[in-house]
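2 protein chains.
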Amino acid sequence: MGRIEYKQYDRFLLAVDCIIFGFDGSGLKALLVKRGLEPEAGKWSLMGGFAQQNESIDDAAARILLNLTGLDKIYMEQLYCFGDLDRDPGGRVVSIAYFALIKIDASDNDKLEEHQAKWIDLKKLPPLVFDHKRMIKLAKERLQQKVSNHPVGFELLPNKFTLQQLQALYEAIFERSFDKRNFTRKILSLGILQRLDEKEKASSKKGAFYYVFDKKKYKQLESEGIQMI
Amino acid sequence: MGRIEYKQYDRFLLAVDCIIFGFDGSGLKALLVKRGLEPEAGKWSLMGGFAQQNESIDDAAARILLNLTGLDKIYMEQLYCFGDLDRDPGGRVVSIAYFALIKIDASDNDKLEEHQAKWIDLKKLPPLVFDHKRMIKLAKERLQQKVSNHPVGFELLPNKFTLQQLQALYEAIFERSFDKRNFTRKILSLGILQRLDEKEKASSKKGAFYYVFDKKKYKQLESEGIQMI
DNA sequence: TAGATTAAATGTTGATAATACACTTAAATT
DNA sequence: AATTTAAGTGTATTATCAACATTTAATCTA
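Order-wise, the sequence lines are chains V and Z. Its first residue numbered 917, the first sequence is counted upward by one per residue in the numbering used here. Its first residue numbered 917, the second sequence is counted upward by one per residue in the numbering used here.
No lab work stands behind these hints: they were computed from the structure. We put the beta carbon where it would ideally sit given N, CA and C, even for glycine. There are no misleading hints in this set.
Taking beta-carbon pairs under 7 Å as the criterion, some of the chain Z residues facing chain V (in silico):
1) Y925
2) F966
3) R1008
Okay, the calculated beta carbon distance ranges per label pair:
4) Z:Q1032 / V:A1022: 51 to 59 Å
5) V:K1076 / Z:S1064: 29 to 37 Å
6) Z:L1137 / V:N1075: 40 to 48 Å
7) Z:K1053 / V:Y991: 19 to 27 Å
8) V:K1133 / Z:S1064: 20 to 28 Å
9) Z:T1100 / V:K1117: 52 to 60 Å
10) Z:F1125 / V:A1022: 56 to 64 Å
11) Z:R979 / V:T1100: 51 to 59 Å
12) V:D1021 / Z:D940: 53 to 61 Å
13) Z:K959 / V:L1137: 34 to 42 Å
14) Z:K1076 / V:K959: 49 to 57 Å
15) Z:G1007 / V:A1124: 54 to 62 Å
16) V:Y991 / Z:Q924: 27 to 35 Å
Start from the sequences, fold in the hints, and give me the full structure.
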């Protein structure tokens, strides 16, 4: 056997682009960078890079995310492969997009500055290079679908969070409001949240209980499928 | 500008593999071929091929499907990009999988024979090359998701079909049975089926009415989203 | 320390959708 | 005319979703 076949076929540059989502309590944000490479250097862009022969595509995505944020073991999912002929004016590049969910204040600020990266509200996106706006749009739709059936929203929140923070997150993701009573009832009925004896006191006198996500309980439900919203 | 950048990065072979679904009235089938290329030549495989520089990835998928079946303008959707290091023992090949839905008796039989292609029931899959079984598994899950929210199941049926054929299709896709009364009521309530004045008489004395899918009515509903099942 | 303030926490009702379940009907065959 | 075959159809129950406002805990202040 061995790697001797396929000599005569065309070869492609493979880019990996990352849609990195974060949540700051109000709006849903994407982490964007100033592109460092010609063409279009200096313009707003998703964080990306070229895949290498010695790594899987998943590993390339993880490498690129680590490179920007200093984070590993992050929730990441392949989104789509963009393969139009003219999507990159710099050459024929097929791009595989991934989306990641991170806690917005967890990343390494020095690294962010290195890449001139900024968290930008999805509702206020600047012009972006290539087809990156389309990628973000698709990623947001996929995120909506995902959080409907899987409790991945927790990846965007601090380890302990209040029900109002959770609701604000869902409202940001779906760009609609939810009834507080119905939302609370539904989320708690899943049995995957654990209430702590500790309260968040900054934003009210009464204080709101913190909750944590109970991974054990979720694992039990995961196989059956779960209806979050 | 121009295509002068990116010289120093690694380049990849890009394969496109097609999961082609069909339905023969009982089981859900996939169209498999005997692989023509080393390594693993002669083994069962999805239909695939290498992408070319002068075509988009979508076009490559359409070309490969046309090449096998003689069909174009087929329902096709990108499934996933498989990029593990060792997925193909013949070399580093990244594969972009597409799934297609076709009417099982519409394809060109000469072409099928050329590729030694066969429709094989998903429940009786033979060993397949590389990661093709995983691809089919993922495609089936995606198909289930898809037909839940979009009336693409019609792509797998003849232009006119009975309610029982439609139900049998859904039962094959979901590997479960549905209550005939509930199923009929739900499907008809969507208002996207038109009953013809013609009956299918082969399988019963009373005969079952033929229906056609009403694309106009569906277009109206499409934006709102539609709950098929 | 009593009253005011702030946001958190909580229940009920009506509407809609999902499920479970079995008999009647149309048309051909004998 | 009686039989056969699968098609076609209705209802009652349960579960889920959606709409809606008051009470409570804790702090602040006069």
